[in-house]
Amino acid sequence: MSERVAIIGVGWVGYRPSTPEVSYKELTYEAAVKAYADAGVNPRRDVDSFITVAEDFIEGTSIFDEYVPDQLGAVLKPVHTIGGDGLHGLATAHMLIRTGQSEIVVVEGHSKASNVVTLPEVTAYAQDPIINRPLGLNTDFIAGMEMNRYLFETGTTLEQCAAVLVKNRRNALRNPLAPYGADLTLDEVLAGPPLAWPLGRYEAAKHADGAIVIVLASEERARSLCDKPVWVIGVGWCNGAPSLESRVWGDVPYIQKAADMAYRQAGIRQPHLAIDFAELDDTYAYKELQHMEALGFCRPGEAGMLIEEGATEPDGEMPVNVSGGSLGMGNLLDANGLARALEVVLQLRGEAGQRQLDEVEVGLAQSWRGVPTTSGAVAILSN
Amino acid sequence: MGMRKVAVVGAGMTKFMRRAQETGKELSWQAARMALASCEMTLDDIQAVCLGTAPDAFDSIHLKGEYLSDGAGAWGKPYMRSYVGGGTGVFAPIQGWYHVASGLFDAVLVVCEEKMSSFYPHAQGAFLTIFDHTTERPLKPNLLWIFAMEMNRYMQTYGISKEDIAHVAVKNKRNAADHPCALLGNPDITVEDVLNSELLAWPVNRLDVSPVSDGAVALVMVAEHVAKRVTDKPVWIQGVGWSLDTAYWTNRDLAYPRYVEYAARMAYEMAGIKEPRKEINIVEPYDPFDYKECHHLEGLLLADRGQAPQLAIDGVSLRDGDMPVCPSGGLLGVGNPIAAAGLMKVAEIFWQLRGEAGARQVPGQPKRGLAQAWGDLMQVGTVVIMGTNP
Amino acid sequence: MTSKIKVFPGTPLREVDFKEGKILYRHDEMNGQYAWDTGIGIGSYLAALKEGVLLGSYCRSCRRTVVPPRTVCEWCFRPMNSYIPLKDTGTVNTFSLCYITWDLKRIKEPEISAVIEIDGASPLHGIMHKLGEVDPEDVHIGMRVQAVWKPADEREGAITDILYFKPIKEG
Chain A
54 MSERVAIIGV GWVGYRPSTP EVSYKELTYE AAVKAYADAG VNPRRDVDSF ITVAEDFIEG
114 TSIFDEYVPD QLGAVLKPVH TIGGDGLHGL ATAHMLIRTG QSEIVVVEGH SKASNVVTLP
174 EVTAYAQDPI INRPLGLNTD FIAGMEMNRY LFETGTTLEQ CAAVLVKNRR NALRNPLAPY
234 GADLTLDEVL AGPPLAWPLG RYEAAKHADG AIVIVLASEE RARSLCDKPV WVIGVGWCNG
294 APSLESRVWG DVPYIQKAAD MAYRQAGIRQ PHLAIDFAEL DDTYAYKELQ HMEALGFCRP
354 GEAGMLIEEG ATEPDGEMPV NVSGGSLGMG NLLDANGLAR ALEVVLQLRG EAGQRQLDEV
414 EVGLAQSWRG VPTTSGAVAI LSN
Chain B
-13 MGMRKVAVVG AGMTKFMRRA QETGKELSWQ AARMALASCE MTLDDIQAVC LGTAPDAFDS
47 IHLKGEYLSD GAGAWGKPYM RSYVGGGTGV FAPIQGWYHV ASGLFDAVLV VCEEKMSSFY
107 PHAQGAFLTI FDHTTERPLK PNLLWIFAME MNRYMQTYGI SKEDIAHVAV KNKRNAADHP
167 CALLGNPDIT VEDVLNSELL AWPVNRLDVS PVSDGAVALV MVAEHVAKRV TDKPVWIQGV
227 GWSLDTAYWT NRDLAYPRYV EYAARMAYEM AGIKEPRKEI NIVEPYDPFD YKECHHLEGL
287 LLADRGQAPQ LAIDGVSLRD GDMPVCPSGG LLGVGNPIAA AGLMKVAEIF WQLRGEAGAR
347 QVPGQPKRGL AQAWGDLMQV GTVVIMGTNP
Chain C
30 MTSKIKVFPG TPLREVDFKE GKILYRHDEM NGQYAWDTGI GIGSYLAALK EGVLLGSYCR
90 SCRRTVVPPR TVCEWCFRPM NSYIPLKDTG TVNTFSLCYI TWDLKRIKEP EISAVIEIDG
150 ASPLHGIMHK LGEVDPEDVH IGMRVQAVWK PADEREGAIT DILYFKPIKE G
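Residue numbers (the numbering used here), protein chains in the order written: chain A, 54 to 436; chain B, -13 to 376; chain C, 30 to 200.
Okay, chain A solo, but in the shape it has when bound (with noise of 0.2 Å):
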């Protein structure tokens, strides 16, 4: 068994609200080629085992995962798919060299959302099929109703979720990667169309494409092939209740237990003082908040009142999505786990530009699904 896993290189190609230009398979070529330079390693030589995290209804495609191995140059090697986010992919990785049976393993995710002409269709076939589907409803709704019983609850007002899509689409100006960078005031935000009241249009994340590619390795290999391993100290993952009519709604019980499980592996008890800063899920902007309180970061109802001192603004005590989140990067589908994790590795590398944080040691990468699941991850890394 290898106790310790490293993340030893990084390749990213994006993000763009379309990329008619490539393929998917030239767009995960590309991200996957400066993976593989960034880590020193040839994939037809070095790495054990491949992990594409993708679903078939968004590639639309059968049984995708067919798809996978030529582009990553996985031909005849170890490759399977998660059903799963970016950072299920990144966590599978980490059992899988801890094993010992595999030393380098890379996972790679893509988003082509451009390409899926019925989204919002599409996206309804995760409802059930035979107690809510038949409603019709955009599932965008599951949101509208989540965010209402969340600002119930804690009191978080409109003006404060509000308040982080300004902040994630500002950091997104000073992030190459970003397309949706802005500089929006809360009124503009609080004016605009509804999506599904108390929910509104700019709040929900629009989609990008883009691809990401993560190589990791065990200790031992990160330690002779890279100068600046990021190693991986916690992983967790959780799924929550399995349909609407079981769910609690104002609360996010699952991605407490993703934390507790990441938390416990990295021996943090007081996960506020003990990590620097944070890549959350706001695919929509209330989720970032709800995301915070979830993750121990203060008490539930807090967070609102966190973003109104400017606690989560890239000078404040916890940076949250410095990167501009999906608010600002746009929305990868099951890729946004990995996106969030690179952000945390460019940062404690010192490699991320004009929106580099001073001194930071310990970042964390959390994601959701999306609705209408209940199933999110939680990743911890460190310099």
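Just so you know, the hints here were simulated from the structure itself, not pulled from any lab data.
Remember, it's a predicted structure, so these values are computed and weren't measured experimentally.
Glycine included, every Cβ here is placed at the ideal spot set by N, Cα and C.
Among the hints, erroneous ones may be present.
[To be verified] Stretch-level coverage of chain C by chain B, calculated; a stretch enters the list once three of its residues show a Cβ under 8 Å from a Cβ in chain B:
#1 47 to 58
#2 69 to 83
#3 122 to 136
#4 154 to 160
#5 178 to 186
[To be verified] Derived DSBU-like pairs (lysine-lysine); straight-line CA-CA distance at most 35 Å:
#6 Lys79(C) / Lys134(C)
#7 Lys134(C) / Lys148(B)
#8 Lys148(B) / Lys51(C)
#9 Lys126(B) / Lys264(B)
#10 Lys51(C) / Lys11(B)
#11 Lys126(B) / Lys179(C)
#12 Lys11(B) / Lys259(A)
#13 Lys51(C) / Lys214(B)
[What the hints assert, rightly or not] Which chain A residues stay away from chain C? Per the calculated CB distances, all over 12 Å, these:
#14 Glu79
#15 Gly245
#16 Arg254
#17 Gln323
#18 Ala364
#19 Gln407
#20 Ser435
With the hints as your guide, set chains B and C onto chain A.
Using the frame of chain A, we list chains B and C on its own:
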């Protein structure tokens, strides 16, 4: 540091049915509950859940893993769905293995489910979307095309006849007559019955193919210290392997499944097996078509190239032969709810090695067995080797 | 354990259970529409098909000509950027006579699917297509065939610009 040992301690399965009244969630729950009951464990003892299920297209449920979560027992637990097409059923226990071998968990539930009957008018239609969307799908290909073409190439390369291959279908459907969950068991079937069945896509006839089905299978997999507490007959995972070939399937030789060989070599190395033909007592290769059992035995290095059909003809692969192959009845006999069918093979090895396979028990107290599945565009091999010794 | 258990769960249904209304069900059709970007490799392939040409690509380090063309060689992982027009003739690598359509309708005259190794590509490198203008009885592995194209003004840049492959009269 040594590797953490992982054991299978419980298994459960539903009947394999052409059309089940139960939903996919309910089938999953039935299999999971039976697996837990078989080793006197409860869901509270389970720390994580691994799910295998094949394309979402069968029931048009996007994020099918999320939908099945409660049936699989995953509410409030770490839960992941792994996916390698038809190879998924033997991959899910590999996923269970790395969950435990990583040291993150001591007890996991592995559930594989398939509900193929939901697709209207027939599950076959769902397979159109497995082909490349730009270069192949516009030709309206049928899943039968590619398997018939692979079978044809295999027969032509080695001079094998349809009759030679039909012996496999006969053996497996006869074996399945002893399986209480089987859909197509038939103790009296003959080679002539297979050859005279309806022609679907030459050289494939109706009885060369396994039936689409609904069903679920589950396993409980645990670390060594838990295994010793819950059972005196753990079955250990000795080796795992998997390999995925190029998606450009028209750019490679269809006569030999080299991806199965790569997966097998990985598993043999981990299990310390040097002479597989001598060291493996029972084999459950993937047999959605009868020629595939032959193809896979060759890829597993358990038969010489082009020689596998002879094993069934000579009786070597019968239940009381020297190397029993598909003593369960396989997919051809028990049924083919894709992911569940693969895991059924692993469950069969588990039951056989514990001496609990009832009328299907192979003689001679087998010590080691191998289960294998295959999938994607004739492209992926997944292998699990299990034994009575760690 | 199977030997100890007499009853396994699961409730098989029959077609008549639905007809008689004993089992309720819900019918739905999925509206999943996609506009896949074809990219550089396959985009070039389609553009060439429109011109009546089968295009491959060549990997200099593996000395291999593949079809359809791609931008990365899956064996050495190097970029592949030389495109090579291939002939529209080839050899049947394998075939099937299929009496069932993709959506499971029974047909009298079989659809003949084939993998055709294309002349000019490396050995064992071919594409999947259909055969036509041939008696199913006469099809054999190793048969020489040629593409039958749609008229130039009807071609749209799709694999269906080739209607099928037909036998080349030998001798």
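Evaluation of the provided hints:
no., hint, in the structure
1, 47 to 58, "holds (count 3)"
2, 69 to 83, "holds (count 3)"
3, 122 to 136, "holds (count 12)"
4, 154 to 160, "holds (count 6)"
5, 178 to 186, "violated (count 0)"
6, Lys79(C) / Lys134(C), "31 Å, holds"
7, Lys134(C) / Lys148(B), "24 Å, holds"
8, Lys148(B) / Lys51(C), "42 Å, violated"
9, Lys126(B) / Lys264(B), "45 Å, violated"
10, Lys51(C) / Lys11(B), "21 Å, holds"
11, Lys126(B) / Lys179(C), "17 Å, holds"
12, Lys11(B) / Lys259(A), "33 Å, holds"
13, Lys51(C) / Lys214(B), "48 Å, violated"
14, Glu79, "5 Å, violated"
15, Gly245, "28 Å, holds"
16, Arg254, "22 Å, holds"
17, Gln323, "45 Å, holds"
18, Ala364, "41 Å, holds"
19, Gln407, "31 Å, holds"
20, Ser435, "31 Å, holds"
The structure does not agree with the numbered hints 5, 8, 9, 13, 14 stated previously, though it agrees with the rest.
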